[in-house]
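Visitor: One line per chain: the protein sequences are A and B, in this order.
Positions in the first sequence are counted from 1; adding 928 to them yields the numbering used here.
Positions in the second sequence are counted from 1; adding 705 to them yields the numbering used here.
Keep in mind the hints are simulated off the structure, nothing from the lab.
Predicted model only: the values in this text are computed from it and were never measured.
Do not rely on the hints blindly, as some may be mistaken.
Calculated lysine to aspartate or glutamate pairs in the EDC-like style (CA-CA distance at most 20 angstroms, straight line) [as the list claims (entries may be wrong)]:
| hint | chain 1 | residue 1 | chain 2 | residue 2 |
| --- | --- | --- | --- | --- |
| 1 | B | K960 | A | D1214 |
| 2 | B | K957 | A | D1214 |
| 3 | B | K813 | A | D1016 |
| 4 | B | K961 | A | D994 |
| 5 | A | K1146 | A | D1050 |
| 6 | B | K960 | A | E997 |
| 7 | B | K957 | A | D984 |
| 8 | B | K961 | A | D984 |
| 9 | B | K960 | A | D1000 |
| 10 | B | K961 | A | D989 |
| 11 | A | K957 | A | D1142 |
| 12 | B | K961 | A | E997 |
Simulated DEER-style distance windows between Cβ atoms [as the list claims (entries may be wrong)]:
| hint | chain 1 | residue 1 | chain 2 | residue 2 | range |
| --- | --- | --- | --- | --- | --- |
| 13 | A | D1079 | B | V726 | 54 to 64 angstroms |
| 14 | B | F738 | A | L1043 | 37 to 47 angstroms |
| 15 | A | N966 | B | P917 | 26 to 36 angstroms |
| 16 | A | K1047 | B | E906 | 38 to 48 angstroms |
| 17 | A | L1043 | B | L877 | 49 to 59 angstroms |
Note that CB positions come from ideal geometry on N, CA and C, so glycine has one too.
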Amino acid sequence: MKYAISLFDVNKNFGKQRAVYKVNLRIGKGITLILGPNGAGKSTLLRCMAGLYKPDSGRLDVLGSDPYESADIRNRISFMPDNYGLYDFLSVRDNMLFFARLYGIEDKEAIAKSLKILKMLDAAHYINAKVGQLSRGTKQKILLCKALINDPEVILLDEPTAFLDASSSEQVRRFLYGMADEGKCVVFVTQRVDEATRFNSRICVIKNGSIIRDTDTKGLYDEIFKGTRISIRLARPISKNAVLALGKNMSLEHGGIIKADVKNYKDVNAILKTLMDNGAYIASVDYAEPMIEKLYGGND
Amino acid sequence: MIRSKAMAIAIKDIREVFSSVSIYGPMIGVPLFFAVALPVLTIYVALHAAPGIASRIASTAIPSTSASNINSLSFMYFFAINVLGPIFLTIPIFTASVIAADSFAGEKERKTSENLLAAPITNRQLLSGKILASLISTILLTFAVFGIYGGTVNLLAFKEFGVYILPTATWLMMLAAAPLLALAAIAIVVFVSAHVKGIKEAQQISTLLVLPILLIPFISILGIANLDVAFFEYVIAILVVVDALIFYASVKDFKKERILY
């Protein structure tokens, strides 16, 4: 099957509120990101793919079947919601056993699989802890473990790194790369542009329920850096006059941050080189804010 | 290994109910207290005030006894079956509605429904699991309470009058009606919790079922109907039809999206 997920003119409304509007999308193996601001419809779209919502109109197939109607096909799909939704009164072990039973997995196999995944996520020592007593980040890892217990072919993740620290987020990303390398279809929903661009993957931008861009990380950079303004944070501040002397396209803002106009991503290198040649030490380049502005602030 | 997905859901739900003392404490504690306290109060009234009352209310046949305080025994007999029986019949309604409301609306309230509904379970498995959880707990508690209340009544009756009052055929018919009452309460909760936002609304609406049950003692005291086997045969027949109708409506109306948010 060429595409694991296919959507044809999918619409989903809640009363009069439009959540997903005429979405046409084909998703194959590998990682696909769905990027959008709050209320854009990305979580609703993911829930439709997971078979939680029935589209009001249009057709949605996952692995060739309708996930809302077919319980069997949901055996080959996994879904990780943004509100972790595990049973607080049960231990991690009992949560895993409960969900494994729903997937028809033997208890012994379920425990072995859970321990293996939790070890990879550095959370195996929580196996006997009550979920309600764990931190939000740890719960997120447990939830990811639950999402992988059925060895799914399609993995649907709603903000899976939202509550994780940098190192745990990186662990999860590596994990997802591993899944993609195994030929699985991973759909990752996020509202964070910086998170989306960490994957060298396909990115679908959603706004007001519709896919407004279907691109990839490189394409996003190409498009976004066309005439935008980036923020450059310096490790050590330099004077305003020194910045002005570097060119009209740069200005010094509060907090020692330099704002620079760029025509394309090649300009970023040129500007950084100019700054470094003039004794500046670069701490970071922030393109996320202008990117969000360009992506979500109109232009659809 | 639990092979049935419905049973896995039922066991999880039962564990959830019994994980919170604020839910199971009053649900078990109050009926158990009344199962002992009401028969004790009844025997007290039977011994001290019954001779006058009994002649007015007791046309019911009583077991043959050589006891001289026949009116006290008549009262105890009448009250233990015709008044306490219907009172204890409210237990399956209250218990089932508490557990079922927590089971359905609770998933929505605690936001655990997404993981559950994304799993490969059919609507039938989901409903069966949730209904089983409420039904098993309710039947066990109702039978336990009826056992304790029956035991207490017999103990007191034997001590005072030298006879055992329970079980009678009518009392056993009441017990047979208990699972059907529980099913009716559960079906109403399934129907209601799919339409309301919280646990409390679902619970409150389903507990309205106790009202007709609480009328039964008055029907008996006022002489409108005799609470005999035939009466409870009608009650059971009506409950079977009502259960079937409500269940049909609830299952037909059930859409898993409704327990998401």
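Visitor: Give a verdict on every hint.
Guide: Each hint, compared with the structure:
At most 20 angstroms may separate the alpha-carbon atoms for a hinted pair to count; K960 of chain B and D1214 of chain A exceed this at roughly 46 angstroms. Distance check on the hinted pair: K957 of chain B and D1214 of chain A sit about 54 angstroms apart at the alpha-carbon level, beyond 20 angstroms; violated. This hinted pair checks out: K813 of chain B and D1016 of chain A have alpha carbons roughly 14 angstroms apart, not beyond 20 angstroms. Pair hint K961 of chain B plus D994 of chain A holds up; C-alpha atoms about 15 angstroms apart against a cutoff of 20 angstroms.
For the proposed pair K1146 of chain A and D1050 of chain A, the alpha carbon gap of about 32 angstroms is over 20 angstroms, so the pair is violated. Taking the CA atoms of K960 of chain B and E997 of chain A, the gap is about 11 angstroms. The hint holds against a cut of 20 angstroms. Annotation: proposed proximity of K957 of chain B to D984 of chain A holds, straight-line Cα distance about 19 angstroms (limit 20 angstroms). Straight-line distance between C-alpha atoms of K961 of chain B and D984 of chain A comes to about 15 angstroms, which keeps the hinted pair within the 20 angstroms bound.
Distance hint between K960 of chain B and D1000 of chain A is fulfilled; the C-alpha atoms sit about 18 angstroms from each other, no more than 20 angstroms. Straight-line distance between C-alpha atoms of K961 of chain B and D989 of chain A comes to about 19 angstroms, which keeps the hinted pair within the 20 angstroms bound. As the CA atoms of K957 of chain A and D1142 of chain A are separated by approximately 16 angstroms, the hinted pair is consistent with the 20 angstroms bound. A threshold of 20 angstroms between alpha carbons decides the hint, and for K961 of chain B with E997 of chain A the separation of about 11 angstroms falls inside it, so the pair holds.
Range check, D1079 of chain A to V726 of chain B: Cβ separation about 38 angstroms, and the 54 to 64 angstroms hint is violated. Taken as a hint, the range 37 to 47 angstroms holds for the pair F738 of chain B and L1043 of chain A, whose Cβ atoms sit roughly 45 angstroms apart. About 49 angstroms separates the C-beta atoms of N966 of chain A and P917 of chain B, a value inconsistent with the hinted range of 26 to 36 angstroms. Range check, K1047 of chain A to E906 of chain B: Cβ separation about 44 angstroms, and the 38 to 48 angstroms hint holds.
Range check, L1043 of chain A to L877 of chain B: about 52 angstroms between beta-carbon atoms, so the 49 to 59 angstroms window is met.
Checked against the numbered hints listed earlier, the structure breaks hints 1, 2, 5, 13 and 15; every other hint is satisfied.
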